[in-house]
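Student: Sequence:
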Amino acid sequence: MVVKIFYVIIALFSVSMVFLMTQSPYSSQNIKAEISIANMQANNVVDYELNSTLVYGRYETKSIIRYKEYDELDTFKGTLFRGDSVHFLESKDALIRQNLITLTNDAIYKNQDDFKYESQKIVYDMQKKELFSDVPFKITQYKQNANADIITGNSVLYKIDDKKIFAKKVHGWLERK
176 MVVKIFYVII
186 ALFSVSMVFL
196 MTQSPYSSQN
206 IKAEISIANM
216 QANNVVDYEL
226 NSTLVYGRYE
236 TKSIIRYKEY
246 DELDTFKGTL
256 FRGDSVHFLE
266 SKDALIRQNL
276 ITLTNDAIYK
286 NQDDFKYESQ
296 KIVYDMQKKE
306 LFSDVPFKIT
316 QYKQNANADI
326 ITGNSVLYKI
336 DDKKIFAKKV
346 HGWLERK
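Residues 176 to 352, numbered by this note's numbering, are exactly what the sequence shown covers, in order.
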């Protein structure tokens with residue numbers, strides 16, 4: 176009886192091996208993996224942008240994952256010092272690629288002039304000192320002892336140094352006394 180069971184198991188094994196050998200083999204060329212492997216991960220990071228005399232920015236994040244081409248940040252906060260003005264960037268997620276910081280998920284830009292720019296996606300160009308977005312946005316300009324002016328639209332370009340806004344499909348609410 177034991178011999179018959181052994182022969183049945185060998186027969187099943189032989190049939191399964193013949194079946195597997197007739198299948199086309201897998202090779203690394205057939206599987207195109209677009210997997211990026213992280214080079215580094217760090218938590219609770221504070222980074223300063225500076226030269227020998229001045230601090231230009233302070234960036235902090237809950238965690239950063241560095242890949243070959245880009246960095247992924249979680250809970251990003253940035254403070255930029257440009258001349259005599261201070262600018263604040265904030266978002267739940269951010270991606271840094273070359274000279275662009277892409278803020279996503281409740282992205283906010285504020286400055287010391289009570290100017291606030293909110294969107295689900297804001298891209299900050301570090302070289303040109305510009306903010307831009309191609310998704311709906313809301314810009315609020317707060318005033319002392321008055322209500323705020325509000326602008327909404329579909330896409331925007333904001334030049335930080337010139338304080339100029341270029342927007343498309345805009346709706347605005349201005350408060351006057």
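Because the hints were derived from the structure by calculation, they are not lab data. Keep in mind the model is a prediction, meaning the values are calculated, not measured. For each residue, glycine too, the CB sits at the ideal point set by N, CA and C. A few of these clues could be false.
[Unchecked claim] Derived pair list, reagent style DSSO-like, types lysine-lysine, alpha-carbon separation capped at 30 Å:
{"hint": "1", "residue 1": "LYS313", "residue 2": "LYS285"}
{"hint": "2", "residue 1": "LYS237", "residue 2": "LYS179"}
{"hint": "3", "residue 1": "LYS252", "residue 2": "LYS313"}
{"hint": "4", "residue 1": "LYS179", "residue 2": "LYS252"}
{"hint": "5", "residue 1": "LYS237", "residue 2": "LYS296"}
{"hint": "6", "residue 1": "LYS343", "residue 2": "LYS296"}
{"hint": "7", "residue 1": "LYS344", "residue 2": "LYS285"}
[As the list claims (entries may be wrong)] Just the calculated beta-carbon pair ranges, DEER-fashion:
{"hint": "8", "residue 1": "ASP324", "residue 2": "ASN226", "range": "22 to 28 Å"}
{"hint": "9", "residue 1": "TYR245", "residue 2": "ALA323", "range": "16 to 22 Å"}
{"hint": "10", "residue 1": "ASN218", "residue 2": "LYS318", "range": "22 to 28 Å"}
{"hint": "11", "residue 1": "VAL221", "residue 2": "PRO311", "range": "17 to 23 Å"}
{"hint": "12", "residue 1": "ASN280", "residue 2": "MET301", "range": "17 to 23 Å"}
{"hint": "13", "residue 1": "ILE185", "residue 2": "MET215", "range": "50 to 56 Å"}
{"hint": "14", "residue 1": "ILE212", "residue 2": "ASP249", "range": "28 to 34 Å"}
{"hint": "15", "residue 1": "THR250", "residue 2": "SER227", "range": "29 to 35 Å"}
{"hint": "16", "residue 1": "SER330", "residue 2": "VAL230", "range": "18 to 24 Å"}
{"hint": "17", "residue 1": "LYS344", "residue 2": "THR250", "range": "28 to 34 Å"}
{"hint": "18", "residue 1": "VAL220", "residue 2": "PHE256", "range": "15 to 21 Å"}
{"hint": "19", "residue 1": "TYR317", "residue 2": "ILE212", "range": "44 to 50 Å"}
Student: Could you run down the list of hints and mark each one as holding or not?
Tutor: Here's how the hints hold up against the structure:
1. LYS313 with LYS285: 12 Å, holds
2. LYS237 with LYS179: Status violated; Cα separation ~64 Å.
3. LYS252 with LYS313: At roughly 19 Å apart (the allowed maximum being 30 Å), LYS313 and LYS252 satisfy the hint.
4. LYS179 with LYS252: 72 Å, violated
5. LYS237 with LYS296: 19 Å, holds
6. LYS343 with LYS296: 16 Å, holds
7. LYS344 with LYS285: 22 Å, holds
8. ASP324 with ASN226: 22 to 28 Å: The hinted range 22 to 28 Å is violated for ASP324 and ASN226, with Cβ atoms some 37 Å apart.
9. TYR245 with ALA323: 16 to 22 Å: 35 Å, violated
10. ASN218 with LYS318: 22 to 28 Å: 40 Å, violated
11. VAL221 with PRO311: 17 to 23 Å: 32 Å, violated
12. ASN280 with MET301: 17 to 23 Å: 20 Å, holds
13. ILE185 with MET215: 50 to 56 Å: 52 Å, holds
14. ILE212 with ASP249: 28 to 34 Å: 18 Å, violated
15. THR250 with SER227: 29 to 35 Å: 31 Å, holds
16. SER330 with VAL230: 18 to 24 Å: 32 Å, violated
17. LYS344 with THR250: 28 to 34 Å: Holds - the Cβ-Cβ distance for LYS344 and THR250, about 31 Å, lies within 28 to 34 Å.
18. VAL220 with PHE256: 15 to 21 Å: 19 Å, holds
19. TYR317 with ILE212: 44 to 50 Å: 45 Å, holds
Against the hints set out earlier in the document, violations occur for numbers 2, 4, 8, 9, 10, 11, 14 and 16.
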